[in-house]
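Engineer: As given, the protein sequences belong to chains R and U, one line each in that order.
Mapping of the first sequence onto numbering that gives the first Met the number 0: position 260 corresponds to residue 259, and the numbering continues sequentially without gaps.
Mapping of the second sequence onto numbering that gives the first Met the number 0: position 94 corresponds to residue 93, and the numbering continues sequentially without gaps.
Please note that the accuracy of each hint is not assured.
Straight-line alpha carbon distances no greater than 27 Å define the calculated DSS-like cross-link-like pairs of lysine-lysine that follow [as the list claims (entries may be wrong)]:
no., chain 1, residue 1, chain 2, residue 2
1, U, K103, R, K108
2, R, K329, R, K105
3, R, K108, R, K141
4, R, K105, R, K141
5, U, K35, R, K141
6, R, K156, U, K103
7, R, K62, R, K108
8, R, K273, R, K108
9, R, K105, U, K103
10, R, K62, R, K273
11, U, K103, R, K62
12, R, K273, R, K141
Just so you know, the hints here were simulated from the structure itself, not pulled from any lab data.
Here is what each chain is made of, one letter per residue.
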Amino acid sequence: MKTRLLKQLMVVAVGGFFVASAASTHLAGQAPAAPAPQGGAPAARGGGGRGGGIPQGGRGPIKVMVVTKGHTYDREPFFQMWDSWGSDITWSHVEHPAADVMLSPKYSKLFDVYAFFDIGGPGVGSGRQGQPAPIVPPGSFKTANNRFYPPPSEQLKTEFPKLLREGKGFVFLHHASAAWTHTWPEYSEVVGGACDWYAPQRVRGIDHPNHGYFGMTPQFITYVDKAHPITKGLGDGFHVTDEAYACHWFEDSVHPLARTDFQPADPTKNLNPKVKYSNLAAWVKVAENSPVFFTQVGHGVTAWATPAYRQLVGNAIKWAASPEALAWAKANPKRIFNSSN
Amino acid sequence: MRNISKTFIWVAVALAIGMGSASMLAQGQWGNGPIKVAIVTKGHNFDRDGFFAFWDSLGQEITWTHLQHPAALEFFDPAIADTFDVYAFFDAPGRTATPGPDGKPTFEQPHRRRRT
């Protein structure tokens with residue numbers, strides 16, 4: 000009797016776990032979390048990081064604000080990547096809408112670098128049949144396929160340009176290229192490109208169909224400027240399996256650091272034929288008086304756990320905070336916002 | 000035969016439990032409820048996936064935002080505090096030591112906003 004009961008309990012436990020974990024993986028749309036990296040990573044549970052190891056959030060000299068929201072992600076492995084840089088940086092996670100408040104010179108003494116893995120102003124659909132209608136923020140931009148995109152707050156529109164003019168390091172990762180695409184075109188000029196995979200859009204006056212995303216794509220990322228402080232000493236490039244994009248990158252406004260060997264089968268499905276597909280995978284540029292780094296790589300754990308990817312982004316953070324990068328940006332200012340901002 | 004039937008019942012129970020968990024997960028990250036909650040952390044390590052999944056499970060009632068120190072303390076200001084309806088704390092400020100020139104640890108001090 001006991002044996003039978005035990006077997007039945009096992010069925011419940013295993014069955015429940017299987018269904019829940021399958022659902023979790025499916026709903027997240029991402030690969031399962033990678034194991035914790037070896038060495039240097041803090042324990043996930045307990046302790047305050049006072050046992051000699053590096054605590055969660057790091058304790059390095061470069062102060063980084065990490066901005067997320069607007070796109071779901073696999074949280075623990077993402078944070079583990081940030082912790083892996085913990086001897087160089089101290090990072091703080093600040094999500095929208097709190098981030099919109101903090102992106103101001105008023106609070107700029109707190110951080111050296113602002114790192115974005117967000118989609119500011121993400122779109123919402125018109126809802127599925129039989130489900131409650133989504134809440135559409137007032138003033139939203141409506142696309143041809145009935146998606147609604149909220150505009151940035153007046154405070155953010157006013158303060159963010161001032162922060163850029165002050166001269167700070169900015170790092171944008173992967174889907175951060177889709178922030179405010181429909182409602183704040185100057186923001187795309189800060190990043191160096193624009194994406195939206197869910198709605199047609201106008202970028203730099205050119206009408207595009209939905210941009211393209213290609214999940215779990217094996218790629219080789221080639222460094223095309225091996226002398227830059229970010230890529231110096233990193234070799235020719237690295238292999239990674241990650242989501243690739245077909246988006247409108249501003250080739251004429253950025254300094255390329257890396258390119259992918261991925262080519263979409265038919266770029267015209269995702270880009271207006273007036274815009275040639277760009278295989279840019281990483282670049283630097285200036286926005287107002289601030290140095291900017293962007294990489295298209297970094298959707299999920301397969302990239303975050305790749306040592307070469309961590310080296311690239313880790314170097315980018317250190318570069319963005321460096322006096323050399325700040326001096327370079329101030330010597331080569333790029334006006335994006337009009338003077339009233 | 001009876002044993003097989005019982006096993007099917009138990010499998011059904013297992014599926015129900017699993018689907019319940021899946022339903023909780025389906026609410027998505029950050030929730031979409033009317034109560035705006037700032038969740039403040041830092042100063043003590045924690046199991047991030049489990050902790051955030053817990054907040055996601057409340058997602059029909061709340062929309063939550065993670066906010067860490069030192070940025071969190073800036074919201075102790077009436078001018079911007081109404082960004083959120085509720086501030087939830089799972090933090091432990093004042094425990095992070097920085098080695099001084101003499102090697103002795105010094106601990107961060109309460110922020111002026113928290114004091115005033």
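Engineer: None of the hints should be skipped; say for each whether it holds.
Structural biologist: Going down the list of hints, with the structure as the test:
1. Between K103 (chain U) and K108 (chain R) the CA atoms are separated by roughly 26 Å; this keeps the pair inside 27 Å, and the hint holds.
2. Between the alpha carbons of K329 (chain R) and K105 (chain R) the distance comes to roughly 20 Å, so the proposed pair stays at or under 27 Å and holds.
3. Using a Cα cut-off of 27 Å, the hinted pair K108 (chain R) and K141 (chain R) is violated, with the two alpha carbons roughly 37 Å apart.
4. A distance of roughly 33 Å separates the Cα atoms of K105 (chain R) and K141 (chain R); the hinted pair therefore is violated under the 27 Å criterion.
5. Proposed proximity of K35 (chain U) and K141 (chain R) is supported: the alpha carbons are some 25 Å apart, at most 27 Å.
6. For the given pair, K156 (chain R) sits about 44 Å from K103 (chain U) by alpha-carbon distance, which is inconsistent with the 27 Å threshold.
7. At most 27 Å may separate the alpha-carbon atoms for a hinted pair to count; K62 (chain R) and K108 (chain R) meet this at roughly 10 Å.
8. For the hint linking K273 (chain R) to K108 (chain R), the alpha-carbon distance of about 43 Å lies beyond 27 Å, and the restraint is violated.
9. At most 27 Å may separate the alpha-carbon atoms for a hinted pair to count; K105 (chain R) and K103 (chain U) exceed this at roughly 32 Å.
10. Simply put, K62 (chain R) and K273 (chain R) have alpha-carbon atoms about 41 Å apart, too far for the 27 Å limit, and the pair is violated.
11. The straight-line distance between the Cα atoms of K103 (chain U) and K62 (chain R) is roughly 22 Å, inside the 27 Å bound, and the hint therefore holds.
12. A threshold of 27 Å between alpha carbons decides the hint, and for K273 (chain R) with K141 (chain R) the separation of about 24 Å falls inside it, so the pair holds.
Comparing the model with each earlier hint shows violations of hints 3, 4, 6, 8, 9 and 10; every other hint is respected.
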